[in-house]
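Each protein sequence line maps, in turn, to chains H, G, U and A.
For what it's worth, my numbering labels the leading residue of the first sequence as 1, then goes sequentially.
For what it's worth, my numbering labels the leading residue of the second sequence as 233, then goes sequentially.
For what it's worth, my numbering labels the leading residue of the third sequence as 465, then goes sequentially.
For what it's worth, my numbering labels the leading residue of the fourth sequence as 697, then goes sequentially.
To be clear, the hints were calculated from the coordinates, so they are not data collected in a lab.
Check the hints yourself; a few may be wrong.
Claimed, not checked - Covered by chain G, per the in silico footprint, the following chain H stretches (three or more residues, Cβ under 8 Å): (1) 116 to 123; (2) 194 to 207.
Claimed, not checked - Part of the chain U face toward chain G, derived, beta carbon under 10 Å: (3) S535; (4) R537; (5) W569.
We put the beta carbon where it would ideally sit given N, CA and C, even for glycine.
There are 4 protein chains.
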Amino acid sequence: MDKYQDIKEAAYQANMQLPKLGLVLFTFGNVSAANRNLGVFAIKPSGVPYEDLSPEKMVIVDFDGVTVEGSLRPSSDTKTHAVLYKHWENIGGIVHTHSTYATAWAQAQRDIPIYGTTHADHNTFDIPCAPPMNDEMIQGDYEYQTGFQIMNALESKGMSYEEMEMVLVGNHAPFTWGKTPEKAVYNSAVVEEVARMAYLTEQIRPSVPRLQDSLIRKHYDRKHGAGSYYGQ
Amino acid sequence: MDKYQDIKEAAYQANMQLPKLGLVLFTFGNVSAANRNLGVFAIKPSGVPYEDLSPEKMVIVDFDGVTVEGSLRPSSDTKTHAVLYKHWENIGGIVHTHSTYATAWAQAQRDIPIYGTTHADHNTFDIPCAPPMNDEMIQGDYEYQTGFQIMNALESKGMSYEEMEMVLVGNHAPFTWGKTPEKAVYNSAVVEEVARMAYLTEQIRPSVPRLQDSLIRKHYDRKHGAGSYYGQ
Amino acid sequence: MDKYQDIKEAAYQANMQLPKLGLVLFTFGNVSAANRNLGVFAIKPSGVPYEDLSPEKMVIVDFDGVTVEGSLRPSSDTKTHAVLYKHWENIGGIVHTHSTYATAWAQAQRDIPIYGTTHADHNTFDIPCAPPMNDEMIQGDYEYQTGFQIMNALESKGMSYEEMEMVLVGNHAPFTWGKTPEKAVYNSAVVEEVARMAYLTEQIRPSVPRLQDSLIRKHYDRKHGAGSYYGQ
Amino acid sequence: MDKYQDIKEAAYQANMQLPKLGLVLFTFGNVSAANRNLGVFAIKPSGVPYEDLSPEKMVIVDFDGVTVEGSLRPSSDTKTHAVLYKHWENIGGIVHTHSTYATAWAQAQRDIPIYGTTHADHNTFDIPCAPPMNDEMIQGDYEYQTGFQIMNALESKGMSYEEMEMVLVGNHAPFTWGKTPEKAVYNSAVVEEVARMAYLTEQIRPSVPRLQDSLIRKHYDRKHGAGSYYGQ
Numbered sequence: 001m002d003k004y005q006d007i008k009e010a011a012y013q014a015n016m017q018l019p020k021l022g023l024v025l026f027t028f029g030n031v032s033a034a035n036r037n038l039g040v041f042a043i044k045p046s047g048v049p050y051e052d053l054s055p056e057k058m059v060i061v062d063f064d065g066v067t068v069e070g071s072l073r074p075s076s077d078t079k080t081h082a083v084l085y086k087h088w089e090n091i092g093g094i095v096h097t098h099s100t101y102a103t104a105w106a107q108a109q110r111d112i113p114i115y116g117t118t119h120a121d122h123n124t125f126d127i128p129c130a131p132p133m134n135d136e137m138i139q140g141d142y143e144y145q146t147g148f149q150i151m152n153a154l155e156s157k158g159m160s161y162e163e164m165e166m167v168l169v170g171n172h173a174p175f176t177w178g179k180t181p182e183k184a185v186y187n188s189a190v191v192e193e194v195a196r197m198a199y200l201t202e203q204i205r206p207s208v209p210r211l212q213d214s215l216i217r218k219h220y221d222r223k224h225g226a227g228s229y230y231g232q
Numbered sequence: 233m234d235k236y237q238d239i240k241e242a243a244y245q246a247n248m249q250l251p252k253l254g255l256v257l258f259t260f261g262n263v264s265a266a267n268r269n270l271g272v273f274a275i276k277p278s279g280v281p282y283e284d285l286s287p288e289k290m291v292i293v294d295f296d297g298v299t300v301e302g303s304l305r306p307s308s309d310t311k312t313h314a315v316l317y318k319h320w321e322n323i324g325g326i327v328h329t330h331s332t333y334a335t336a337w338a339q340a341q342r343d344i345p346i347y348g349t350t351h352a353d354h355n356t357f358d359i360p361c362a363p364p365m366n367d368e369m370i371q372g373d374y375e376y377q378t379g380f381q382i383m384n385a386l387e388s389k390g391m392s393y394e395e396m397e398m399v400l401v402g403n404h405a406p407f408t409w410g411k412t413p414e415k416a417v418y419n420s421a422v423v424e425e426v427a428r429m430a431y432l433t434e435q436i437r438p439s440v441p442r443l444q445d446s447l448i449r450k451h452y453d454r455k456h457g458a459g460s461y462y463g464q
Numbered sequence: 465m466d467k468y469q470d471i472k473e474a475a476y477q478a479n480m481q482l483p484k485l486g487l488v489l490f491t492f493g494n495v496s497a498a499n500r501n502l503g504v505f506a507i508k509p510s511g512v513p514y515e516d517l518s519p520e521k522m523v524i525v526d527f528d529g530v531t532v533e534g535s536l537r538p539s540s541d542t543k544t545h546a547v548l549y550k551h552w553e554n555i556g557g558i559v560h561t562h563s564t565y566a567t568a569w570a571q572a573q574r575d576i577p578i579y580g581t582t583h584a585d586h587n588t589f590d591i592p593c594a595p596p597m598n599d600e601m602i603q604g605d606y607e608y609q610t611g612f613q614i615m616n617a618l619e620s621k622g623m624s625y626e627e628m629e630m631v632l633v634g635n636h637a638p639f640t641w642g643k644t645p646e647k648a649v650y651n652s653a654v655v656e657e658v659a660r661m662a663y664l665t666e667q668i669r670p671s672v673p674r675l676q677d678s679l680i681r682k683h684y685d686r687k688h689g690a691g692s693y694y695g696q
Numbered sequence: 697m698d699k700y701q702d703i704k705e706a707a708y709q710a711n712m713q714l715p716k717l718g719l720v721l722f723t724f725g726n727v728s729a730a731n732r733n734l735g736v737f738a739i740k741p742s743g744v745p746y747e748d749l750s751p752e753k754m755v756i757v758d759f760d761g762v763t764v765e766g767s768l769r770p771s772s773d774t775k776t777h778a779v780l781y782k783h784w785e786n787i788g789g790i791v792h793t794h795s796t797y798a799t800a801w802a803q804a805q806r807d808i809p810i811y812g813t814t815h816a817d818h819n820t821f822d823i824p825c826a827p828p829m830n831d832e833m834i835q836g837d838y839e840y841q842t843g844f845q846i847m848n849a850l851e852s853k854g855m856s857y858e859e860m861e862m863v864l865v866g867n868h869a870p871f872t873w874g875k876t877p878e879k880a881v882y883n884s885a886v887v888e889e890v891a892r893m894a895y896l897t898e899q900i901r902p903s904v905p906r907l908q909d910s911l912i913r914k915h916y917d918r919k920h921g922a923g924s925y926y927g928q
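In isolation and in its complexed conformation, chain H is listed as follows (with noise of 0.2 Å):
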């Protein structure tokens, strides 16, 4: 009986849901599932195409990036999913992607301005997108380093990793989380299609408003509120 089948499950049933949604090119992308109890995280090994994954495929890494079982190698972004899932202690899964729009955010170093409903159904700021790294921090542990310039980019502005579940790294490419992978890989679909509805509402109208705060606490109250009464 093996105590990580079930992470190892739900890591092999996320990454695969990345091409489904078009969020991926190859394997430009990975996903990890949890287990608090055990400390421990299922990860996508590297370089494995997703026709050729399987859950005896995924790796486990505890929460200081170090594989606890697995003959491959797990994704080169290993380190940065252990230092969020280290610090956040109410996520249960991570999900790294290049999809298209939201990587085209991050490449222009903007966070991702608020300017509809979609958006404040999701969360009530501006996507934040962490500024690149100094040359020292990309020159030494790199992987490592992105994990703090993550939490940096929320906590400077004040967020929550509990209400704001994606960012942009700059000049890379988004990373989002949630409770269970499930709600990870919804929110990286989400980020994709709110990146690229704000690109072009700024195509249509370049000096469009963000969306006023009283509609922004409308949306996301009704959806994340104590009285929340959102799905449509």
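Given chain H's structure and the hints, the job is docking chains G, U and A onto it.
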């Protein structure tokens, strides 16, 4: 024998068209189907994925927005549907989506200008964008007010809901309607395509003029006028 | 034995290619196939969805636009087809779509500039956009006049319909033709792709020059010239 | 026993990937696969639709562009392939497509700037756009000259063909290569996606800077350097 069977089936079938037409991500949309004799409509339950829908899961609601039958919660946009059914006697179906291009125009708070015959085949005006509501309306009975905001957008410009079967709600997304749920779904695909074409047209030629009146009239009348002969 | 069977079948098969190639939404398109010996063409019936088509439903029309056989109403664009068949002796098929990018250029009332070899592989000119008609022509025999407008667009620029097999009708959408219905359908996919590439090219470099003459000539001639050797 | 069977099969399989990856319309592309021991390559026959291809239809050509075996005419771009195989000893496959976004950059005659890590995961330079040839070269042995134009584009900027496996031919479209035909096909999908992201990045932020050197180096080296550990 279920007296609501017909509209449950119609609402189910129409809802299932939205993902097929590429108009929704996850559950970002809903369709309702009305029975005018019984004074009710069937609408998608809140937050249920399209792949889990069935006719039995549709919720029956009256034109004041009160649930008449069904164990699931109706779409959070239900009151907007109710207002429109109550005031517009000749509509039998309503659709709400967050389709990408139409939503981008809504976020830009712009009417979609009539630039070509694809638009004029369906109506003779710029597709109106209802302005965002004031804070008081938003904090009050929001979805109910959205219905009136839609009605005002047409009335203030002298448009009939029988000709103009589509609207953008500013900062939010499109609503469409029609004599049947099928027609309302058709209209939701049309507004998305017209929105996409208008966006591209302005990119290709920023100073592009609106369509000349004679051409608007010709195309609309050959499809909808007394001696209509349209259909490709 | 039905003497029109061949063109009914050809028109049916060609019409069914349009949704497969992503060139039409709903019924926004039509293809016809001509029999020069019999002086007639088969054309899609008006307003019938592609999934309900069959060879038997095609309508037979002569080159003056008079229906010869068929219980359904022919496409509302039938007279445009008739004019072109009557005046251009060497064409055997005509296609009309509202494909997205080509229609956007038509709405912008701009010729599509020749920016690359993908364009020059098919013809040596900017793809002409026929100017919108005056009010009198529009209010008169509109679809008939559309045919002459197309012919004038080529003639006024010294183009042969045997080289330039595609045109934009200003404010409306593209028409294409060819020796066979298959070639006409091929051309409708080509004009859409060339329109998309030209749009992107101008976005990437607003002041981009047209293709140099020697390269236009080289690519066109290697595919269509006396010593043609093209085909990838 | 056919000594060319392996490369025929490899070229066939690689050609069939192009429509699956959405990189070609109709026959607008071709792949070749080389056997270095025999000094030949197998290439797609000219003008044959992908659905009609089979390994047996591949044409065998030597590195001077002379057909060695095969009843069909080889791709019109065959001499370009031959030049590259002759001069670049370590490549085993070449791909040419007219994929939409990469072709738009080629038509704009611009190098694709390195804006993000998706690009740096594959190489460390802007993807070069070879300038259009002069009239004499075009009117001469055009496809042969295209090969030299590609080689010059890399050499003039100090790039190795073993690092930079992709190029735009100005006014024309992309060529890619690699140690195997599979890798060359992979590169043709990468250049299309990188081209699309770079286009969107400039739309979102017109004055966007190139990627900083340390990040270029980090991402390239973690995948391709001595201590590479990449793979997602």
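**OP:** Test coverage of the segment 194 to 207 of chain H by chain G using CB-CB distances below 8 Å; three residues minimum.
**Re:** The restraint on the segment 194 to 207 of chain H holds, since 8 of its residues have a Cβ under 8 Å from chain G and three suffice.
Original post:
Does the interface hint hold: is R537/U within less than 10 Å of chain G, judged Cβ to Cβ?
Top reply: At 7 Å from the nearest chain G Cβ, R537/U passes the 10 Å test, so the hint holds.
**OP:** Given that the segment 116 to 123 of chain H was listed as covered by chain G, double-check it with a C-beta distance under 8 Å for 3 or more residues.
**Re:** holds (count 3)
**OP:** For the hint on W569/U, just tell me whether its beta-carbon gets within less than 10 Å of chain G.
**Re:** With a minimum Cβ separation of about 6 Å from chain G (threshold 10 Å), the hint on W569/U holds.
**OP:** So, S535/U near chain G? Judge it on the closest CB pair being under 10 Å.
**Re:** Not OK, violated: S535/U not within 10 Å of chain G, min 14 Å.
Going through the hint list in order, the structure does not satisfy hint 3, though it satisfies all others.
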